[in-house]
Amino acid sequence: MTLTDFQHLMPLLILTFAVLVSMLVIAVGRNHKIMYVITAVSFLAAFASLFELRDVGRYTIEPLLVVDGFGVFYIGMILLTALLISMLSYAYFEQREERKEEYYLLLLMATIGACVLVISKHFASLFLGLEILSVSLYALIAYLRKRERSDEAGIKYLILAAFSSAFLLFGMALVYASTGTMEFAGIAAAIAGFTELPLLLLTGFGMMIVGIGFKLSVVPFHMWAPDVYEGAPAPVTAFIATVSKGGVLGVLIRFFMEVDGFRYPTLVLIFTIVAIASMLAGNLLALLQRNVKRILAYSSIAHLGYLLVAFLAGNQMGVEAVTFYLVAYFITTVGAFGVVAMLSDKERDAEQLEDYRALLWRRPWTAAVFTAMLLSLAGIPLTAGFVGKFYILAAGVNTQLWLLVVMLALNSVIGLFYYIRIVAVMFQQPEAETEADPRGKLRPSIYVASVGTLTVLALLLVYIGVYPSGLLQVIQGLMATTAP
Amino acid sequence: MILVWLIVILMAGGVLAWISGKVNRSLPRWVALASVGAVFLMTLYLWLSNPIPVLGSAWLVQFTQPWIPQWGISFSLALDGLSLLMLLLTFFIGLLAVLISWREIQTKVAFFHFNLLWVLAGITGVFLTMDLFLFYFFWEVMLIPMYFLIGIWGHENRRYAAYKFFIFTQASGLLMLLAILGLYFIHGSQTGIYTFSYFELLNTTLAPEAARLLMFGFLAAFLVKLPVVPFHSWLPDAHSEAPTAGSVILAGLLLKTGAYGLLRFVLPLFPTATVEFAPWAMLLGVIGIIYGAILAFSQTDLKRLVAYTSVSHMGFVILGVFAFNEWALQGVVMQMITHGLSTGALFIIAGFLYERLHTRDIRQMGGFWSTAPKMGVIALIFVMASLGLPGLGNFIAEFLTLVGSWQANNWLTVFATIGLVMATIYSLRIMQKIFFQEYKLVQPLPDMNAREMLIAIPMVAMILWLGLYPQPVLDTARPSIQEQLQAYTKPPIEQKKLPSTLENMARVEENTLEKLSEKPEDAKPALNLQVSKSPSPLIPKSSN
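Protein sequences, first through last, are from chains A and B. No gaps in the numbering here: position 144 of the first sequence is 144 in the numbering used here, and each next residue is one more. No gaps in the numbering here: position 39 of the second sequence is 39 in the numbering used here, and each next residue is one more.
Take the hints with a grain of salt, since some may be wrong.
To be verified - One side of the interface only, derived from the structure: several residues of chain B facing chain A at Cβ under 10 Å:
no.	residue
1	Ile68
2	Gln70
3	Trp71
4	Lys108
5	Phe111
6	Phe133
7	Phe138
8	Glu140
9	Val141
10	Ile152
11	Tyr163
12	Ile167
13	Gln170
14	Leu175
15	Leu181
To be verified - Here are the simulated DSBU-like pairs of lysine-lysine, each with C-alpha atoms no more than 35 Å apart in a straight line:
no.	chain 1	residue 1	chain 2	residue 2
16	A	Lys156	A	Lys146
17	A	Lys100	A	Lys146
18	B	Lys108	A	Lys346
19	B	Lys108	B	Lys374
20	A	Lys346	B	Lys22
21	A	Lys156	A	Lys346
Derived by calculation from the structure, the hints in this document are not laboratory data. Quantities reported herein were computed from a predicted structural model and do not represent experimental measurements. No residue lacks a Cβ here, since even glycine has one placed at the ideal position from N, Cα and C.
Can you build the whole structure from these sequences, using the hints too?
Given below as structure tokens:
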């Protein structure tokens with residue numbers, strides 16, 4: 001490896017270094033605040049190092065990685081999200097008695113995994129990244145191990161993720177067997193001649209889709225999502241819903257654009273079915289829930305379905321739409337789970353709809369932020385979610401995916417129903433004069449950390465909703481250099 | 001720029017009202033009153049300072065500013081006679097809505113006025129915008145605050161009604177969004193210019209099949225909002241459960257956005273498809289007129305009754321819109337205004353009664369004329385307006401609509417006229433049940449106080465004025481109506497005779513506001529920019 005290679009991998013190196021430092025610090029002495037500061041600073045430093053890579057063009061580190069505009073944007077998105085999640089985590093874990101320090105270690109590791117995913121161009125790096133991410137997540141999900149449901153969720157995720165990894169590996173092996181290479185570009189070259197995929201290769205792709213589909217929790221591989229979302233600590237749930245899925249989606253887009261999988265009607269058909277099933281199942285099942293974390297879990301299934309619509313558009317505009325929507329979705333999801341985390345107390349997370357009754361009159365600002373997040377998920381104007389959904393619809397209409405687009409519109413309406421239900425619960429009149437929430441226990445600095453994070457998220461949400469040009473410019477600028 | 005101020009003042013007023021609630025409980029009311037009053041005066045000034053018939057162009061003021069240039073979206077507002085009338089109605093009703101909430105709303109006053117002003121801002125945006133993306137944007141912006149108005153301050157069954165309202169309108173709105181996108185891409189692929197600008201999209205040539213589908217997308221949103229009969233079921237619930245101000249805004253303004261959308265977008269964008277669909281649309285209108293009237297007659301809940309009369313009256317709107325002639329469209333515009341006033345007034349009276357009796361059940365009312373004669377007189381005037389008594393505004397509206405639709409379709413007009421008879425029956429039943437018969441209450445019913453009279457008198461004055469001297473309104477609406485009808489009237493010979501006076505619009509380059517001066521020599525250069533734009537006007541065949 002040359003020095004320029006290192007420069008281009010700087011964000012990853014910074015994070016790796018931060019992991020090592022954290023371990024040493026824990027060995028010397030446990031201190032929650034120091035760990036938190038190290039994590040936050042390393043995320044910031046890694047993000048800052050991205051500015052060096054702004055005009056990277058396309059830099060390959062043979063044979064595993066490629067750093068290009070697409071990768072840089074996704075890494076940046078992942079890093080910022082991870083930073084915000086770590087800020088929320090600080091307040092959340094400060095209230096809990098378990099040992100907190102290792103949490104940040106795992107968070108850093110998982111983030112590295114996601115970053116590797118989005119810049120990989122080889123099955124080996126793909127798998128490495130995915131496993132770093134997954135193994136960290138097993139521990140993160142079960143982190144509050146004294147809670148029964150947290151353990152259950154961890155075990156569930158462990159078993160199913162292991163299964164899906166096996167599927168993914170088997171699929172990769174089959175692809176390798178028929179093409180003789182594990183590099184994306186090599187596979188693309190090998191199959192360029194085919195108009196119809198040979199059976200062996202198709203089976204390989206199919207099994208990979210199973211593995212990837214599991215990570216994205218799209219129907220029919222979604223069974224784990226509600227339980228894991230419910231059982232995991234709120235910040236971890238936010239992490240699974242955003243960083244983990246974003247990373248996997250990033251590599252999926254890269255792989256598909258590279259091999260031009262949209263040429264094969266079978267693959268497109270599979271993804272179309274998956275997208276429609278995800279939208280429908282996610283939204284319809286969410287209607288039946290009374291647990292906010294589960295509602296958000298099902299809603300995230302549906303949102304992945306929406307994303308697949310733009311993904312299926314299969315052109316530059318589709319990729320931009322996916323990316324834009326991911327940004328909006330990240331902001332919104334982190335914000336929503338941030339509110340859940342903020343309202344949680346020592347014993348349990350605030351997850352029942354009951355916990356939100358009349359929230360507007362008890363804690364107006366929190367309720368306002370949560371309302372904004374939900375409206376953004378529902379795709380109402382003035383929020384980022386609206387512009388994102390608009391972009392996806394535009395991408396779909398542009399390539400005339402009428403079935404998918406109409407399904408998306410229909411599902412938005414179903415989705416609206418349960419988002420509005422949460423809002424309605426928050427806006428209900430309190431039955432009796434309730435006293436103000438006891439929130440004095442938290443130290444002000446912690447309180448400020450989580451309130452500040454939520455404020456930033458809410459402002460971003462509205463800013464992107466009202467003035468999306470800026471973000472669009474960044475996305476289009478970075479994506480233009482990629483052109484896989 | 002003045003157009004932007006209209007929206008900004010309302011939005012800023014809303015935020016200010018919310019904040020000022022922390023200072024003083026009644027301050028939000030004053031803030032709301034002041035901001036709506038300010039925009040009302042501004043609009044009135046615009047009207048009085050622009051004598052439209054002289055001007056020759058339909059567009060009075062324009063403002064364009066790029067918003068999301070990557071997608072060809074601009075923040076584009078423009079005002080013509082139609083928008084101007086709608087804005088006047090909006091702010092007039094807005095003022096009344098603030099006034100009637102003065103006593104009725106006692107909880108979360110600040111947040112109520114925030115929502116009220118934002119609904120008005122959304123409606124203002126809908127009436128002004130000339131960019132289809134922005135139109136959809138405002139179309140949605142007015143929903144959320146309305147949802148809260150119904151859901152928080154409504155009557156017993158408010159949550160159900162609020163849900164229903166929201167989901168109906170949102171679902172239909174999404175179909176419109178798809179149609180907008182379809183139009184955007186078709187236009188883009190034809191010309192290479194991807195834009196949401198209304199004026200650009202007007203020139204799109206569509207295959208008949210595509211035009212039909214896109215038209216149904218737009219129709220979905222507007223017919224639900226109007227509402228036309230099979231899609232009306234949200235309306236009685238939303239109207240009857242909303243607080244008085246909410247009902248007034250719903251009936252007076254939100255329904256009008258649907259009618260406005262038909263006039264502004266559906267007619268000029270899809271001239272061939274609408275002609276095909278016209279008989280069906282008119283049939284739906286007639287069904288709505290009769291069905292609404294029958295259901296209105298059988299209601300016992302006063303607000304529900306008035307809500308069904310809206311369904312009936314809105315039937316005339318769709319009947320007129322799809323008659324495609326100037327008579328009918330003038331009638332439609334009049335109907336939008338007078339219905340806003342008369343139905344708004346009936347809801348306000350229902351609100352007054354509810355405040356006193358805490359019921360909307362007309363079986364428990366009766367004989368109020370003896371103890372509340374002032375209220376009786378006011379109610380009588382608006383009931384008469386609603387049944388179309390000559391001398392009051394609604395008569396003009398319905399008369400013009402029927403004259404126009406007769407030229408388009410004789411038989412359906414005959415059936416629509418039956419609706420007028422039925423309107424007489426249900427309207428008189430309102431008077432009969434509430435103000436006559438024997439007095440059932442133990443307490444005497446207090447008559448209207450000064451504040452309530454202050455609300456009622458201007459409405460009476462307006463409805464009388466519209467009934468006796470509607471000419472200013474007709475004059476204001478004419479140029480824009482003619483413009484909407486352009487595609488339907490193709491007189492190749494007259495076109496040469498009247499090139500400049502009826503030229504349709506002046507495009508404004510760059511981001512400036514341009515106000516056309518009244519002097520024709522000033523107006524001409526701007527008009528010349530338009531040469532490329534297609535055939536112009538008009539002179540409707542029915543101008544006899």
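> Holds or violated: is the Cβ of B:Lys108 closer than 10 Å to a Cβ in chain A?
Replying inline: Holds, because the Cβ-Cβ distance from B:Lys108 to chain A comes to roughly 8 Å (cut-off 10 Å).
> Does B:Phe111 pass the interface hint, meaning its C-beta sits closer than 10 Å to a C-beta of chain A?
Replying inline: Since chain A brings a Cβ to about 8 Å from B:Phe111, closer than 10 Å, the hint holds.
> Can the hint on B:Glu140 be confirmed by a CB-to-CB distance to chain A that is less than 10 Å?
Replying inline: Where the cut-off is 10 Å and the nearest Cβ of chain A is about 4 Å from B:Glu140, the hint holds.
> Can B:Leu181 be said to touch chain A, with a Cβ gap under 10 Å?
Replying inline: holds, 4 Å
>> Checking hints one by one. Is B:Gln170 an interface residue toward chain A, by the C-beta closer than 10 Å rule?
In response: Constraint on B:Gln170 satisfied, holds at 6 Å.
> Given B:Ile152 was flagged as interface, is its beta-carbon under 10 Å from a beta-carbon of chain A?
Replying inline: Where the cut-off is 10 Å and the nearest Cβ of chain A is about 6 Å from B:Ile152, the hint holds.
>> Let's test the interface hint: is any C-beta of chain A closer than 10 Å to that of B:Val141?
In response: This interface hint holds because 6 Å falls under the 10 Å limit.
>> Hinted pair, alpha-carbon criterion (35 Å max): B:Lys108, A:Lys346. Please report holds or violated.
In response: Holds, at roughly 32 Å.
> Is the hinted pair A:Lys156 and A:Lys346 satisfied, with a Cα-Cα distance of at most 35 Å?
Replying inline: Holds - the C-alpha atoms of A:Lys346 and A:Lys156 are around 24 Å apart, at most 35 Å.
> Are A:Lys346 and B:Lys22 close enough, with their CA atoms no more than 35 Å apart?
Replying inline: Judged against 35 Å, a Cα distance of about 33 Å means the pair holds.
>> Between the alpha carbons of A:Lys100 and A:Lys146, is the straight-line distance 35 Å or under?
In response: holds, 13 Å
> Hint check: is the beta carbon of B:Tyr163 less than 10 Å from a beta carbon of chain A?
Replying inline: The hint holds - B:Tyr163 has a Cβ within 10 Å of chain A, the shortest such distance being about 7 Å.
Comparing the model with each earlier hint shows no violations; every hint is respected.
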